[in-house]
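Chemist: One letter stands for each residue in the lines below.
Number of protein chains: 2
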Amino acid sequence: MSEAVIKYLHDNRDTLLDKLKDFLAIQSISTSQEHQSDVRKAGEFVADYLTEIGFANVQIEETGGHPLVYAEWLEHEQAPTGLFYGHYDVQPAEPLELWNSDPFQASIREGRLYARGASDDKGQVLMHLAVFEAYMKTEGQLPVNMKVCIEGEEEIGSANLLPYLEANREAYQADFAVISDSGMVSAGQPTMLYGLKGFTGLEVTLHGPNRDVHSGLYGGAVKNPAAALSQLLAKMKNEHEQVTVPGFYDDCEELADHERKLMNAAPSEDYAASLGVVETVPEAGYTVNEHLMARPTLEVNGMYSGYQGEGIKTIIPSEATAKLTCRLVPGQDPQTIQDAIVSFIEEETPKGVRAEIKRESLSAKAYKVDPDLPLIQKAATSLTDAFGKETVFVRLGGSIPVVEWIDSLWTMPVILLGFGTPDDNLHAPNESLLLDHFDKGMRVLADFYKKCAQ
Amino acid sequence: MSEAVIKYLHDNRDTLLDKLKDFLAIQSISTSQEHQSDVRKAGEFVADYLTEIGFANVQIEETGGHPLVYAEWLEHEQAPTGLFYGHYDVQPAEPLELWNSDPFQASIREGRLYARGASDDKGQVLMHLAVFEAYMKTEGQLPVNMKVCIEGEEEIGSANLLPYLEANREAYQADFAVISDSGMVSAGQPTMLYGLKGFTGLEVTLHGPNRDVHSGLYGGAVKNPAAALSQLLAKMKNEHEQVTVPGFYDDCEELADHERKLMNAAPSEDYAASLGVVETVPEAGYTVNEHLMARPTLEVNGMYSGYQGEGIKTIIPSEATAKLTCRLVPGQDPQTIQDAIVSFIEEETPKGVRAEIKRESLSAKAYKVDPDLPLIQKAATSLTDAFGKETVFVRLGGSIPVVEWIDSLWTMPVILLGFGTPDDNLHAPNESLLLDHFDKGMRVLADFYKKCAQ
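Protein chains in written order, with my numbering: chain A, 1 to 454; chain B, 1 to 454.
Hints may contain errors.
If several chains are the same, the list does not tell them apart, and a pair holds so long as it fits within one copy or across any two.
[Unchecked claim] Derived DSSO-like pairs (lysine-lysine); straight-line CA-CA distance at most 27 Å:
id	residue 1	residue 2
1	19	378
2	389	351
3	351	235
4	313	368
5	389	451
6	378	451
7	368	19
It should be emphasised that the hints constitute simulated quantities derived from the structure, not laboratory data. Note that the structure is predicted; figures quoted are calculated from it, not measured.
Just chain A, same shape as in the assembly (with noise of 0.2 Å):
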């Protein structure tokens, strides 16, 4: 690691977070109508910092939603080529009155930074444009060529970004990709995340009487359908936690010894403390770290029928509906899991009821690269070096699709270097970056991106 990058990034930091503030200022609320112009206006200022710093062909590319920053450094004529992706789009900060400081005026209190983006993700991404910008300064040039991808509607599920990635394939060529948009395990920790697990998903809702009828009069001679989508639930999983579609775990990739070492070498949440549950249910054969970094996973995430007012009201309800996803790892395809489910939810239900099923559109190829990867295993010891503690290996039960996009497009490895931390707020009133990661950070890829060189 160069001393003199290390000494700049120190020396520099009131600007370099000054210029962050500047930053986390512009309202780039993505979803919101009134603030199209806020969203191109924090383009524009990755754009000139970009410009600022050295890089060449820098270009706002139009994307038909909100655009994308490109820019390149390529001086070198033998070192790899890194792509950075990040995201300048912040999420809305309603609910306002939950603040205790303005989401869009940044300010500093016990160690943190708080203000809509300071994570997720404005803070990161400048972290890596301020290493690039000391290297430019102190060394006049980048350890590694360079290609940049900011865009601004990561928090809209980036609906432009694959259409745009495809058509500009050439471009966008590189030998590994860096990504700074998520975080570790705790804070102080030196998380390496090496896999992300995919995504499919359907609803169902199960259609009795036309009507919802008397249940005094109608019990015992129409099924009624909530009981029969508890019973079609029910029959989805096993007292072990184990899905019971069938074909559901057959192409999953097997957790090799190794790995599993590593996950359950990472700590573990106190659940009992941090969500009042008090016993958890990983799936037969595997711990809870497995579980949620490496099994896939079928999950209710809503289900309603009938009357849910106050009190009672005697009726069999007209339908029954439960909104499913699943979490995937590698090996599975989302689309033949959602043919899973789809034909099971009609082989099974119940008898005097009808499925209509939607199916859910977005979907996810889980993501894995190899822990030993040479360039997994430098990101990891550039954490050690700088955290002073021993770097955690772990994979997240989230999905992010960009991963998995540039992972298809390229096959280029994705090294995923995220310095949040779970008390971050992330999507969340008070919102918050830990100036301790952005400074620990910022040295994690200023070395790194040295290492990469090598």
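Since the structure of chain A is provided, determine the placement of chain B on it from the hints.
Modeler: Relative to chain A, chain B alone:
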């Protein structure tokens, strides 16, 4: 049957209909604060009419809520004494825009009289009073001694009736009771209703994490309360539609062959035509009619958990709730059954969630009168004669609490002579009374009261 009485009813039909229209014009909506004085006005209307007919001791009794009208005619020394119960309050008329005519200005179309309360219960109350009037005008006396109890709180649960009856047990002592607050299985089909189901219920909420959590980050560790609720509910019934709660059927009165014959002789509804339900699901070993009329049921009336909006929200819900009610048959004690379900829930709640139970305080025992009882047979003969068709004997899955109260306070048989039809739109817009049933019903009552004297 007295020919003079029949002639009187026939000759005075228009006057009686006008009387009914006046009664229906009073907006005696018991649930409405705004119509408090209208409710009393309807009580006074009833009291005035009873006085006019020649009843003695006509009282408007204060109950703490809406008043109740008592009257008596006890001139016979030897004849039995009947107790007639009815109610003069009505449901709200909303939504008003769905009515084809003013709900409080009765209007006749295609053989039906349309107005709120036409069938439930002002129309049927007036039929009794008209028959009493006819007897007094033609024979100068009623065929039997009569006590009359017409309340104003039936549509809000008769909360003050039971304490009032308990406090006035002596005054209401009689040999039999007659109630016309129900209906026939279809228009023109004379129906002897000789049993009602009882009722108990509860609400169960399964609590998981203390807030909705991310299904990716917690799926596999934390039990899903919606899935847990499905599993719990699914265990309460088997695939033969038998309730599997231990003890549920223990005290059920056996269904005699004789009764089975009666029930199966009653016409069955065409559920495909009326409700779009192709397949019926009676309990194994019983026909649909038998299950509807004489087997207990356990129904989910409402169920809710998590996200109910458009699209997906990938959460594990914090909790899941189901509202359950049972319809009970003779022999079953509501408290015992509620206890059995509570024990079942406590026993069978899946691990990882905590059950919270709200017991429903309303309950009722089932009511049944021996179909071979002479008074029942007399009523059936009156029905058959007036309608020109063999009377069917049915029991009903619904509950009428006052029937059980009368039965348990005095153990007198309650003769349920209802003249409504399934198309009367009770509690709904365009409530109506079939005028053919109004006319024939009065003949039935005239004949039945006469037969009671014999």
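Chemist: Have a look at residue 389 and residue 451 and pick one of within, between, both or neither, based on CA distance no larger than 27 Å.
Modeler: within (19 Å within a copy, 97 Å between copies)
Chemist: How do residue 351 and residue 235 come out at 27 Å by Cα distance, when the copy is not named: within, between, both, or neither?
Modeler: both (15 Å within a copy, 17 Å between copies)
Chemist: Is the C-alpha distance from residue 378 to residue 451 at most 27 Å within one copy, between copies, in both cases, or in neither?
Modeler: Within one copy only: 7 Å inside a chain, 101 Å across chains, cut-off 27 Å.
Chemist: Treating 27 Å as the Cα threshold, decide for residue 19 and residue 378: within, between, both or neither.
Modeler: neither (29 Å within a copy, 95 Å between copies)
Chemist: With identical chains, the pair residue 389 and residue 351 could be close in the same copy or across copies; at 27 Å between alpha carbons, which is it: within, between, both, or neither?
Modeler: neither (59 Å within a copy, 36 Å between copies)
Chemist: Treating 27 Å as the Cα threshold, decide for residue 313 and residue 368: within, between, both or neither.
Modeler: between (50 Å within a copy, 24 Å between copies)
Chemist: When no copy is named, should residue 368 and residue 19 be tagged within, between, both, or neither for a Cα gap of at most 27 Å?
Modeler: neither (34 Å within a copy, 82 Å between copies)
Of the hints listed earlier, those the structure fails to meet are numbers 1, 2, 7, in rising order.
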